[in-house]
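Peer 1: As a plain string of letters, each chain reads:
Number of protein chains: 2
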Amino acid sequence: MKRAASTPPPMHGNEMRYNPATGRWVIYALSRRQRPRELIGSREGARTELAYDELCPFCPGHEQDLPPILLEYGRGDSHRQIRVVRNKYPALTPEGDLKRVCQGMYMRMEGYGHHEVLIESPEHNRQIPVMTPEEVELIIEAYHRRYLKLIGVQKNLLVVIFRNYGRRAGASLMHPHSQIISTGVVPGHVREMEYRAQGYFDQWGSCMYCDMLAEELSAGVRIIHANRSFVSFIPYAAAQPFEIWIMPREHKAHFGDISAEEKTDLASSLHAMLRRIQERLNDPDYNYVIHSSAKYRSDEPQAHWFLQIGPKLTTRAGFEIGSGMSINTSLPEDDAAFLMPDPLPEKGAGNASQE
Amino acid sequence: MKRAASTPPPMHGNEMRYNPATGRWVIYALSRRQRPRELIGSREGARTELAYDELCPFCPGHEQDLPPILLEYGRGDSHRQIRVVRNKYPALTPEGDLKRVCQGMYMRMEGYGHHEVLIESPEHNRQIPVMTPEEVELIIEAYHRRYLKLIGVQKNLLVVIFRNYGRRAGASLMHPHSQIISTGVVPGHVREMEYRAQGYFDQWGSCMYCDMLAEELSAGVRIIHANRSFVSFIPYAAAQPFEIWIMPREHKAHFGDISAEEKTDLASSLHAMLRRIQERLNDPDYNYVIHSSAKYRSDEPQAHWFLQIGPKLTTRAGFEIGSGMSINTSLPEDDAAFLMPDPLPEKGAGNASQE
Chain D
1 MKRAASTPPP
11 MHGNEMRYNP
21 ATGRWVIYAL
31 SRRQRPRELI
41 GSREGARTEL
51 AYDELCPFCP
61 GHEQDLPPIL
71 LEYGRGDSHR
81 QIRVVRNKYP
91 ALTPEGDLKR
101 VCQGMYMRME
111 GYGHHEVLIE
121 SPEHNRQIPV
131 MTPEEVELII
141 EAYHRRYLKL
151 IGVQKNLLVV
161 IFRNYGRRAG
171 ASLMHPHSQI
181 ISTGVVPGHV
191 REMEYRAQGY
201 FDQWGSCMYC
211 DMLAEELSAG
221 VRIIHANRSF
231 VSFIPYAAAQ
241 PFEIWIMPRE
251 HKAHFGDISA
261 EEKTDLASSL
271 HAMLRRIQER
281 LNDPDYNYVI
291 HSSAKYRSDE
301 PQAHWFLQIG
311 PKLTTRAGFE
321 IGSGMSINTS
331 LPEDDAAFLM
341 PDPLPEKGAG
351 NASQE
Chain W
1 MKRAASTPPP
11 MHGNEMRYNP
21 ATGRWVIYAL
31 SRRQRPRELI
41 GSREGARTEL
51 AYDELCPFCP
61 GHEQDLPPIL
71 LEYGRGDSHR
81 QIRVVRNKYP
91 ALTPEGDLKR
101 VCQGMYMRME
111 GYGHHEVLIE
121 SPEHNRQIPV
131 MTPEEVELII
141 EAYHRRYLKL
151 IGVQKNLLVV
161 IFRNYGRRAG
171 ASLMHPHSQI
181 ISTGVVPGHV
191 REMEYRAQGY
201 FDQWGSCMYC
211 DMLAEELSAG
221 VRIIHANRSF
231 VSFIPYAAAQ
241 PFEIWIMPRE
251 HKAHFGDISA
261 EEKTDLASSL
271 HAMLRRIQER
281 LNDPDYNYVI
291 HSSAKYRSDE
301 PQAHWFLQIG
311 PKLTTRAGFE
321 IGSGMSINTS
331 LPEDDAAFLM
341 PDPLPEKGAG
351 NASQE
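Residue numbers (the UniProt record's numbering), protein chains in the order written: chain D, 1 to 355; chain W, 1 to 355.
For the record, the hints were derived by calculation from the structure and aren't laboratory data.
Don't be surprised by glycine CBs; every beta carbon is placed ideally from N, CA and C.
You may find that some hints are simply not true.
Partner residues aside, some chain D positions facing chain W, computed with beta carbon under 7 Å [as the list claims (entries may be wrong)]:
no.: 1; residue: GLY23
no.: 2; residue: ARG108
no.: 3; residue: ASN164
no.: 4; residue: ILE181
no.: 5; residue: GLU215
no.: 6; residue: TYR236
no.: 7; residue: THR315
no.: 8; residue: GLY318
Now the stretches of chain W that chain D is said to cover, found in silico as 3 or more residues with beta-carbon under 8 Å [unchecked claim]:
no.: 9; stretch: 102-108
no.: 10; stretch: 177-183
no.: 11; stretch: 207-216
no.: 12; stretch: 281-291
no.: 13; stretch: 317-329
Ranges between beta-carbon positions, derived for each pair [stated by the list, open to error]:
no.: 14; chain 1: W; residue 1: CYS102; chain 2: D; residue 2: PRO133; range: 51 to 59 Å
no.: 15; chain 1: W; residue 1: GLU95; chain 2: D; residue 2: ASN282; range: 34 to 42 Å
no.: 16; chain 1: W; residue 1: TYR195; chain 2: D; residue 2: GLU215; range: 25 to 33 Å
no.: 17; chain 1: D; residue 1: PRO57; chain 2: W; residue 2: GLU250; range: 52 to 60 Å
no.: 18; chain 1: W; residue 1: GLU300; chain 2: D; residue 2: LYS88; range: 44 to 52 Å
no.: 19; chain 1: W; residue 1: LEU148; chain 2: D; residue 2: ASP97; range: 47 to 55 Å
no.: 20; chain 1: W; residue 1: GLU95; chain 2: D; residue 2: THR132; range: 47 to 55 Å
no.: 21; chain 1: W; residue 1: GLN103; chain 2: D; residue 2: SER259; range: 27 to 35 Å
no.: 22; chain 1: W; residue 1: GLU250; chain 2: D; residue 2: GLU215; range: 44 to 52 Å
Extracted from the complex, chain D is given alone in its bound form:
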């Protein structure tokens, strides 16, 4: 791919960009721009060096305290072992009813859904960057199996797979783990993104995300990593510094359709990106989440699943709450250049893994 100047022709002073996928304007406050190094270290809580913590419920030896194991597998040795259990303190439970109940002018329902924890390793400190790509692939495999299982349950309308790393990102336990939540409603936030993609399709006759991918490959200034099946880039209107989208090259609306080859390549992309963040940004707290279509939209031509990574480097404050707009002190092109350590990939070299 072509590597142009890191920043597009400057505008007068500050700049605003519109993200057509989310419908959100983002303010790039260049007068308060921070150098990447000044963003670094926004994390909370010490990282552990210990492979075993006797107080950790996810470390081996506490099996009797865990809820029943829903899925467990590995590659023969305990270093490559995955466990999925029901969350001991679930936000949603499968016993709930979807019936809506009026309460004055308001409405409520029971908290129906599934809330699972995926314990990624028996080792307390074996976070993704120090795993082998094969171990990361086991995690993706577990995501896929649980996704198919949960979306197959009639009452589930959405399955959200996510990982919170560090206290600022909402994690209370440091043991390597992800979470999976299914819901019996489609949240307004998800519907809005669907509507925007539908409107784009109605206007242009193509998938907005496929077009975005083509645009990014052509511009070549926000891409950090690419392999056979995935392209990792900072979106044009990233809402926060070093936000990364890992986009499958193949158009598929829902994560359940991921192929075996794609699982291998997603593991490789995710591993590369989390390593890059850890090394370059001093191991910040982060969240990642897999955006996939709501049920019944899984075959539609405008929907396209992807994985979004958000390092916790800044704070959502009053203006964001009131307007829904973000103030980002860092331009996507500069963030991409900062995270791009390798020799620049050549145009057309996108089919080979960069790592």
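For this one, chain D is given, so just place chain W on it according to the hints.
Peer 2: What follows is chain W alone, placed relative to chain D:
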């Protein structure tokens, strides 16, 4: 008002509620419910005891380093003095142009807008809870004057007034201050709330917020404070613990229409709520923001301005990012009861101030 049992009849297990104003579902995770005391102390950075900090740019004596003063007034003594200046590191600047520029499939524009700082007191540690209600009224007065000034500028389509308190809430300086930002676009987030209110009006023929106020007064289990002009309550589907809405009793779409009497009463309500939060929740970081109509909607029958306070007690994590839903571990009725210290107000006593 009637004070019913603190919690409505329980549902089976967890509960979900729908907020018709935001279109967001909220999950009440009662199995992971925390007692208010466990939420306390979620703040970052020590509070200062000093009335003067020689390194603080907002303390007296640094006037020559401040941008030109846009508004300055008080009541004769320096303890009651307000200053509004242009933000030295503005996110948006009035020199910008509103012209949209295409960049491949994307779009951007210059960062047009105004970004002002309202220095609330010459004293470095004179936060709102230790002010007199009269001093707080001076702040509201300054909000009002700047709001009218900014919304009167032709290119401004929205004015957002907000206050970030503490580092977790995004404040970098502790000196008492608020911020005002005007934008030349109406963000999607604001339009969505307008559409929801419009849909409600089209269906029921009344303002959703007026109906909400009537509902809250009738239920009487989520109200914390009421006076002549304002009712302060935890919304039925509050997205986070101890979220407070201060709602004007009189239907007006935009903050610019606030009356003199309402300014006095808003100062009293805001003062009471911030004091209550400080005392009961151990002085947490918080944001508040005034939600007011976008330009050209200022006379419409479905829009209703209000002030929203959000203490920073929890963390937005992967599930919230992916789904737009919130997980709240605390029921609004219980939060309201925890913040309600006074003898319970009688039904019909709503016209008298509780403080």
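Peer 1: Now tell me, hint by hint, if it's right for this structure.
Peer 2: Tested hints:
no. : hint                            : verdict
1   : GLY23                           : 4 Å, holds
2   : ARG108                          : 4 Å, holds
3   : ASN164                          : 5 Å, holds
4   : ILE181                          : 6 Å, holds
5   : GLU215                          : 5 Å, holds
6   : TYR236                          : 5 Å, holds
7   : THR315                          : 4 Å, holds
8   : GLY318                          : 3 Å, holds
9   : 102-108                         : holds (count 6)
10  : 177-183                         : holds (count 3)
11  : 207-216                         : holds (count 3)
12  : 281-291                         : holds (count 5)
13  : 317-329                         : holds (count 9)
14  : W:CYS102 - D:PRO133: 51 to 59 Å : 39 Å, violated
15  : W:GLU95 - D:ASN282: 34 to 42 Å  : 36 Å, holds
16  : W:TYR195 - D:GLU215: 25 to 33 Å : 29 Å, holds
17  : D:PRO57 - W:GLU250: 52 to 60 Å  : 53 Å, holds
18  : W:GLU300 - D:LYS88: 44 to 52 Å  : 48 Å, holds
19  : W:LEU148 - D:ASP97: 47 to 55 Å  : 50 Å, holds
20  : W:GLU95 - D:THR132: 47 to 55 Å  : 53 Å, holds
21  : W:GLN103 - D:SER259: 27 to 35 Å : 33 Å, holds
22  : W:GLU250 - D:GLU215: 44 to 52 Å : 49 Å, holds
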